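Enquirer: Here is how the chains run, residue by residue.
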Amino acid sequence: KQEVTQIPAALSVPEGENLVLNCSFTDSAIYNLQWFRQDPGKGLTSLLLIQSSQREQTSGRLNASLDKSSGRSTLYIAASQPGDSATYLCAVFTGGGNKLTFGTGTQLKVEL
Amino acid sequence: EAGVVQSPRYKIIEKKQPVAFWCNPISGHNTLYWYLQNLGQGPELLIRYENEEAVDDSQLPKDRFSAERLKGVDSTLKIQPAELGDSAVYLCASSYGQGDEQYFGPGTRLTVT
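Those sequence lines, one after another, are chains A and B.
As numbered in the numbering used here, residues 1 to 112 make up the first sequence, in order.
As numbered in the numbering used here, residues 1001 to 1113 make up the second sequence, in order.
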């Protein structure tokens, strides 16, 4: 059974800092990995999707990397802003894309 | 392009009452998912549809939960009767196909009293 862990569970940083969120998974036979953002009381917003054959994906100030062999992904946020405050969730597709397993998220707060 | 639409956004019911949630996926998306999210946890899959066929309902508590996607577009998730432990956020998501990027609706927050 695939298990996804995110560390840290919560993070508070000053504005402008570069930061890294970590995601690890137990079954390396993944189809792809997706990073989401969730604001309080809202649904999930897709940030980046990395196919199993890719090493990284970039979108604006976000960069996600994937190391399938070690079962790890990182989400790098450059020059953090207060608007980046949210919960960030990592999810992995296994079983040929049949099942998406989520981590419990990292709650990020970027302070002025 | 409109996103995934869900209604209602909030629902408060007494235990043992029935409740239904509705989802309209993004146009052209064949795959539809219902997830349950408890506070402080990631979403957990309840059921996945490919067009009108439920292809994965292994996590759906079938004694009280049911779902349908009759014409392969909109979907309804029903709970009857609701229990206190069903209080959670119910999320609907859609994608072009299995394994493709998923797009989520805003969710329905259910409170059972």
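Simulated from the structure, these hints should not be mistaken for lab results.
Since this is a predicted model, take the numbers as computed values, not measurements.
Watch out, some of these pointers could steer you wrong.
[What the hints assert, rightly or not] Output of the computed footprint for chain B on chain A, the stretches with three or more beta carbons under 8 angstroms from beta carbons of chain B:
| id | region |
| --- | --- |
| 1 | 27–41 |
| 2 | 59–67 |
| 3 | 84–95 |
| 4 | 103–109 |
[Unchecked claim] Keeping only pairs whose Cα atoms sit at most 20 angstroms apart, straight-line, the calculated SDA-like set for lysine to any residue is:
| id | chain 1 | residue 1 | chain 2 | residue 2 |
| --- | --- | --- | --- | --- |
| 5 | A | K42 | B | S1007 |
| 6 | A | K1 | B | K1016 |
| 7 | B | K1062 | B | P1081 |
| 8 | A | K42 | B | E1101 |
| 9 | A | K99 | B | D1057 |
| 10 | A | K1 | B | Q1041 |
| 11 | A | K1 | B | D1056 |
| 12 | B | K1078 | B | G1040 |
| 13 | A | K42 | B | L1036 |
| 14 | B | K1016 | B | E1083 |
[What the hints assert, rightly or not] Computed far set for chain A versus chain B, every beta-carbon distance over 12 angstroms:
| id | residue |
| --- | --- |
| 15 | V13 |
| 16 | N18 |
| 17 | R55 |
| 18 | A78 |
The beta carbon of each residue, even a glycine, is placed where N, CA and C say it ideally should be.
Enquirer: Against each hint, give a clear statement of whether it holds in the structure.
Expert: The hints, checked one at a time:
no.	hint	in the structure
1	27–41	holds (count 5)
2	59–67	violated (count 0)
3	84–95	holds (count 3)
4	103–109	holds (count 3)
5	K42(A) <-> S1007(B)	holds (13 angstroms)
6	K1(A) <-> K1016(B)	violated (33 angstroms)
7	K1062(B) <-> P1081(B)	holds (12 angstroms)
8	K42(A) <-> E1101(B)	holds (18 angstroms)
9	K99(A) <-> D1057(B)	holds (11 angstroms)
10	K1(A) <-> Q1041(B)	holds (17 angstroms)
11	K1(A) <-> D1056(B)	holds (16 angstroms)
12	K1078(B) <-> G1040(B)	violated (24 angstroms)
13	K42(A) <-> L1036(B)	holds (13 angstroms)
14	K1016(B) <-> E1083(B)	holds (6 angstroms)
15	V13	holds (21 angstroms)
16	N18	holds (25 angstroms)
17	R55	holds (18 angstroms)
18	A78	holds (22 angstroms)
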